[in-house]
Amino acid sequence: MRHQSFFKALLCIFCSYSVQSFVPTTQSSQCFSSPTASENKIIVALHGWFDNFWQTPETSSSSRQIEYPEQYPATYEPNTASVEGDAGDENKEFLRQLLKNTQLESRPVVLAYDANKNGWTAQAFHRAVDGKGASIVLATTSDGRSIGGYNPKGWASLGGARPSVASFLFYTKSSDKQQQQSWQKLQKVGGGGLACAKDDPDCGVWFGPDALVIPLLDDGSNRIAQSKLGPYFERGPGNLPSLFSGGSTELKDLKIYVGVYDSTEEIPYSGGVLDMTSG
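Numbering (UniProt numbering), first residue to last: 1 to 279.
These aren't lab readings, by the way, just hints derived from the structure by calculation. Please note: incorrect hints may appear among the correct ones.
Said to hold, decoys possible - List of simulated lysine to aspartate or glutamate pairs, EDC-like, C-alpha gap at most 20 Å:
no.	residue 1	residue 2
1	K117	D218
2	K252	E84
3	K255	D218
4	K173	D262
5	K228	E265
6	K252	D200
7	K228	E90
8	K255	E265
9	K228	E250
10	K228	D262
11	K117	D130
12	K92	D114
13	K173	E234
14	K117	D89
15	K117	E234
16	K100	D114
What the hints assert, rightly or not - Simulated restraints on C-beta separations:
no.	residue 1	residue 2	range
17	G247	K117	27 to 33 Å
18	S263	P201	21 to 27 Å
19	G131	S248	17 to 23 Å
20	G88	S245	31 to 37 Å
21	E84	G271	25 to 31 Å
22	S248	N116	34 to 40 Å
23	E266	I224	17 to 23 Å
24	E105	D218	33 to 39 Å
25	G85	L217	15 to 21 Å
26	S142	N239	19 to 25 Å
27	I224	G131	24 to 30 Å
28	Y68	D218	24 to 30 Å
29	K117	G85	36 to 42 Å
Every residue, glycine too, gets a C-beta built ideally from N, C-alpha and C.
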């Protein structure tokens, strides 16, 4: 029965794309009867893989990109949405600017993990964020700059990688985070593979194998972050080799924000995702 559900979900996705352009067609609804709840979960997981390959060269105003924004690389445009709960919270107001064309663009966010309060360990990190879906990382470096990244598939401590072409890193260009365009995004490159390179319970934040790594190791180096740009996340307009001078820095704080969902809502990607991009 499980195999039948898998192949039904797989064929439903194939039927939703035309042969010539891989865009949705009205014929998709005629392939099968409506998917069950368990089949819908499989469809969501499969889309996590297909999203990284079937991207069409459409403009930002296309209906498909509006409907499925995370099938495309992150936009550099600022988000202007006003969301209840952001006002008066400097971090939320800042992060909201970065979330255009993401699952969290207009969804309230909440602080799920604060390393200074919950502990600078991978175990504390995963206890706080696993199963919460799309997440945004915000950290402060020793020189007071803000850096971080967006993980569309979140964490679940299931091992392996979690792919997404919509993942991005960011850094602030000035100490005033509220200044218009005070930040710079860095897109995922080379497809969606290894966007979140390690979803292991004993590993911390891992964007790409080396783009932004905060291992949270319990060996006295738990506040150290490392970065190498280029292979998995772009270097940006400044052609930066790293987010940090010298390739690493000590962090003053580390926070993870996640979306707020009603009890009746299913959190996207809260469990396993299909990864056939990372080898």
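Hint check against the structure, violated hint numbers in rising order: Hints 2, 4, 5, 6, 7, 8, 10, 15, 16, 19, 22, 23, 25, 28, 29 contradicted; others consistent.
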